[in-house]
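Chains L and F, in that order, give the protein sequences.
Sequential numbering from 601 applies to the first sequence in the working numbering.
Sequential numbering from 2 applies to the second sequence in the working numbering.
Since the hints were made in silico from the structure, they are not lab data.
Everything numeric in this text was worked out from a predicted model, so none of it was measured.
Be aware that a few hints might be false.
To be verified - Chain L regions said to be covered by chain F (calculated; three or more residues, Cβ under 8 Å):
1) 620-627
2) 633-644
3) 693-700
As the list claims (entries may be wrong) - Derived BS3-like pairs: lysine-lysine, alpha-carbon spacing no greater than 25 Å straight-line:
4) F:Lys99 / L:Lys664
5) F:Lys99 / F:Lys70
6) F:Lys4 / F:Lys53
7) F:Lys53 / L:Lys641
8) F:Lys99 / L:Lys666
9) L:Lys641 / L:Lys666
10) F:Lys70 / L:Lys655
11) L:Lys655 / L:Lys666
12) L:Lys620 / L:Lys655
13) F:Lys4 / F:Lys70
14) L:Lys641 / F:Lys99
15) F:Lys4 / F:Lys99
16) L:Lys664 / L:Lys620
17) L:Lys655 / L:Lys614
18) F:Lys53 / F:Lys70
19) L:Lys614 / L:Lys666
20) F:Lys53 / F:Lys99
21) L:Lys620 / F:Lys99
Built from N, CA and C at the ideal position, the CB exists for glycine as well.
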Amino acid sequence: GAVVSQHPSRVICKSGTSVKIECRSLDFQATTMFWYRQFPKQSLMLMATSNEGSKATYEQGVEKDKFLINHASLTLSTLTVTSAHPEDSSFYICSARRTGTGTEAFFGQGTRLTVV
Amino acid sequence: DAKTTQPPSMDCAEGRAANLPCNHSTISGNEYVYWYRQIHSQGPQYIIHGLKNNETNEMASLIITEDRKSSTLILPHATLRDTAVYYCIVSESYNTDKLIFGTGTRLQVFP
């Protein structure tokens with residue numbers, strides 16, 4: 601089946617630095633990808649919709665200048681957490697769906713970000 | 002906001018069927034019912050989805066009521082590895098349609 605892969609799976613960074621997370625669709629082209637954030641014991645919260653070749657669409661309350669999204673190709677979207685702070689520590693997950701109707705979404709394995 | 006309501010937790014004995022309910026009374030005609038599960042510290046795993054007919058695959062069965070306002074996910078023979086949070090989501094099915102997660106049901110399978 602289709603696979604969505606994230607890298608890295610775990611990252612620790614210093615406060616004030618930026619971190620880039622990659623999301624790849626391995627066996628299908630994804631014109632749209634989605635980024636989620638999950639805090640401990642909470643559900644997934646949609647952050648933004650990543651659109652190939654155009655600007656991302658951010659959910660209400662998500663700072664677009666802090667969470668930079670680039671979707672430069674049909675198989676790769678990146679999320680950059682800029683000037684990270686400890687409160688940005690979270691589990692970040694991406695997903696994508698095949699083009700067409702009646703399709704399911706596939707999720708990456710997630711990236712655990714810890715800001716120290 | 003999520004358009005589904007699920008019980009926060011359920012228990013099930015190993016080897017028995019686990020029946021997880023979901024209410025989606027405001028579902029529209031174009032929306033599918035999707036089920037995912039998330040095991041601790043992993044990305045969600047797709048289980049099954051359906052529009053109006055009952056569906057079955059190697060993992061589970063999905064029973065959707067005739068009025069489509071509720072559904073039940075059935076794991077026929079639960080194992081300890083089925084312990085996870087199960088999410089029921091309604092969404093249209095195009096690749097541009099986002100999935101909004103509710104709080105899900107935490108299923109605990111015990112020996």
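Structure-based check of each hint:
1. Three residues within the 8 Å Cβ limit are the bar, and the segment 620-627 of chain L against chain F gives 0, so the coverage statement is violated.
2. For a cut-off of 8 Å, the count of residues in the segment 633-644 of chain L with a CB near a CB of chain F stands at 4, and the three-residue condition holds.
3. Under a criterion of three residues with beta carbons nearer than 8 Å to beta carbons of chain F, the stated coverage of the segment 693-700 of chain L is upheld, 7 such residues being counted.
4. The hinted pair formed by Lys99 (chain F) and Lys664 (chain L) meets the criterion: a straight-line CA distance of about 18 Å does not exceed 25 Å.
5. In summary, the hint linking Lys99 (chain F) to Lys70 (chain F) is supported, as the alpha carbons are separated by about 20 Å, within the 25 Å threshold.
6. Among the hinted pairs, Lys4 (chain F) with Lys53 (chain F) is consistent with the structure: their alpha-carbon atoms are about 17 Å apart, no more than 25 Å.
7. Proximity of Lys53 (chain F) to Lys641 (chain L) is assessed by CA-CA distance (about 32 Å); at most 25 Å being required, the pair is judged violated.
8. Restraint check: the Cα-Cα separation between Lys99 (chain F) and Lys666 (chain L) comes to about 21 Å, which is no more than 25 Å; the hinted pair holds.
9. With a C-alpha separation of about 24 Å, the suggested pair Lys641 (chain L) and Lys666 (chain L) falls inside the 25 Å cut-off, and the hint holds.
10. Distance hint between Lys70 (chain F) and Lys655 (chain L) is unfulfilled; the C-alpha atoms sit about 36 Å from each other, more than 25 Å.
11. Annotation: proposed proximity of Lys655 (chain L) to Lys666 (chain L) holds, straight-line Cα distance about 14 Å (limit 25 Å).
12. For the suggested pair Lys620 (chain L) and Lys655 (chain L), the alpha carbons sit about 17 Å apart, so the restraint of at most 25 Å is met.
13. Of the supplied pair hints, the one linking Lys4 (chain F) and Lys70 (chain F) holds, its CA atoms being roughly 11 Å apart against a limit of 25 Å.
14. Taking the CA atoms of Lys641 (chain L) and Lys99 (chain F), the gap is about 22 Å. The hint holds against a cut of 25 Å.
15. Taking the CA atoms of Lys4 (chain F) and Lys99 (chain F), the gap is near 13 Å; set against the 25 Å cutoff, the hint holds.
16. As the CA atoms of Lys664 (chain L) and Lys620 (chain L) are separated by approximately 14 Å, the hinted pair is consistent with the 25 Å bound.
17. At most 25 Å may separate the alpha-carbon atoms for a hinted pair to count; Lys655 (chain L) and Lys614 (chain L) exceed this at roughly 28 Å.
18. For the suggested pair Lys53 (chain F) and Lys70 (chain F), the alpha carbons sit about 10 Å apart, so the restraint of at most 25 Å is met.
19. For the given pair, Lys614 (chain L) sits about 16 Å from Lys666 (chain L) by alpha-carbon distance, which is consistent with the 25 Å threshold.
20. Distance check on the hinted pair: Lys53 (chain F) and Lys99 (chain F) sit about 20 Å apart at the alpha-carbon level, within 25 Å; holds.
21. For the suggested pair Lys620 (chain L) and Lys99 (chain F), the alpha carbons sit about 22 Å apart, so the restraint of at most 25 Å is met.
Hint check: violations occur at hints 1, 7, 10, 17; the rest are consistent with the structure.
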